[in-house]
Amino acid sequence: MREIVNGMTNEMKLEFDSRSANEAFARVTVASFMTQLNPTLEEVSDVKTAVSEAVTNAIIHGYENHVNKIQIFAGIEGKTLRLEISDRGVGIPDVKQAMEPLFTTKPELERSGMGFSFMEAFMDEVIVESEPGKGTTVRMKKVIGKGRELWTTQSL
Amino acid sequence: MKYEVQENCLTIYLPGDLDHHNSEEIKREADRLIERGHVRYVIFDFTDTEFCDSSGIGVIMGRYKKVCMFGGEVWAAHANERIKKILKMSGAAKIMQIYEEDE
Chain A
1 MREIVNGMTN EMKLEFDSRS ANEAFARVTV ASFMTQLNPT LEEVSDVKTA VSEAVTNAII
61 HGYENHVNKI QIFAGIEGKT LRLEISDRGV GIPDVKQAME PLFTTKPELE RSGMGFSFME
121 AFMDEVIVES EPGKGTTVRM KKVIGKGREL WTTQSL
Chain B
1 MKYEVQENCL TIYLPGDLDH HNSEEIKREA DRLIERGHVR YVIFDFTDTE FCDSSGIGVI
61 MGRYKKVCMF GGEVWAAHAN ERIKKILKMS GAAKIMQIYE EDE
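Sequence order for the protein chains is A and B.
Residues in the first sequence are numbered consecutively from 1, following the working numbering.
Residues in the second sequence are numbered consecutively from 1, following the working numbering.
For the record, the hints were derived by calculation from the structure and aren't laboratory data.
It cannot be assumed that every hint is accurate.
[Stated by the list, open to error] Below, simulated DMTMM-like cross-link-like pairs (lysine to aspartate or glutamate); rule was C-alpha separation at most 20 Å, straight line:
| hint | chain 1 | residue 1 | chain 2 | residue 2 |
| --- | --- | --- | --- | --- |
| 1 | B | K88 | A | E100 |
| 2 | A | K69 | A | E15 |
| 3 | B | K88 | A | E42 |
[Unchecked claim] Sample of chain A residues at the chain B side, in silico, Cβ under 7 Å:
| hint | residue |
| --- | --- |
| 4 | S20 |
| 5 | A21 |
| 6 | S45 |
| 7 | T49 |
| 8 | E53 |
| 9 | E110 |
| 10 | G115 |
Backbone N, C-alpha and C define an ideal beta-carbon position, used for all residues, glycine too.
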C-alpha cells in the first residue's frame, strides 16, 4: 500500500474568500489532503501552521482585510508535499525585509512578526514571489516521512 | 472562551485554535479586563488548545507588554508539547513562565 502511495502524484486546488474564518478551513483541508502521505502528527502540525501563516498574511497584508480570493494549490510527488498559496493583493515591495524575523508593517495590530519565520522553520523550502499591485505567491515544500525513515535506519 | 478575574490575576481559557481569527476577540476582551480590573498577572490556559500560530504569539506578547509596565507577569498553563515548542521557538517562552504540572 505504501509503495503505491509513494510513487503517486496527486494534486488539488482550492479557492476561498479572504475571511479569517477560512484560516481554519484552509489548514484543515490541506492537512486532510496530505494524510495520503502517511505523515506523523508533528508533520501535520507543521504544515497546518505554515498554511495558517501564509493564509493569514494574505488576509491581513495582501488584501488588507478586504474580501477577495485566496488560492491554494497542493501537490504530492513521491514523498514531497508542494504548496502554493496565492493572493492578488497589494504585494510585498521588499520580500527580503518582509521575511526578516520580527519585521512587521503593522505594529499597531500587535502582530508578532514571526509569520515567515514559522513557515521557514516548519517547511523544508519557502520561496516568496511578489509584485506590488499584482499579488503574492508563497511556494513551500516539505518531504513527509523523513523522521520515520531516520528512525527505521537507526534501528537496523 | 472564558475569562476569569481573581484579585489582580486574569485567567484566559483559550479556544481550540489560537489563530488570527480567534485572537482579535481575545485581545479586545483581555485588554478591557486588564484595564478595568488592574490586572497584573495573566494566565493563558491552553487546556483546550490544539493549534497556535504566530497570531497566538502576538496575543501573548501584546498582553505581556501591557502588564509588564506595572511589574506583572504572563503565565502559560496546561500547554501540550506542540504549544510548548511554538512558545520556545518564537521566544515567547523567554518572557513568560510556563507552568509545568507533576514536577
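For each hint, the structure was consulted:
no.	hint	in the structure
1	B:K88 x A:E100	18 Å, holds
2	A:K69 x A:E15	6 Å, holds
3	B:K88 x A:E42	16 Å, holds
4	S20	4 Å, holds
5	A21	6 Å, holds
6	S45	5 Å, holds
7	T49	5 Å, holds
8	E53	6 Å, holds
9	E110	4 Å, holds
10	G115	5 Å, holds
In the structure shown, no violation is registered for any of the earlier numbered hints.
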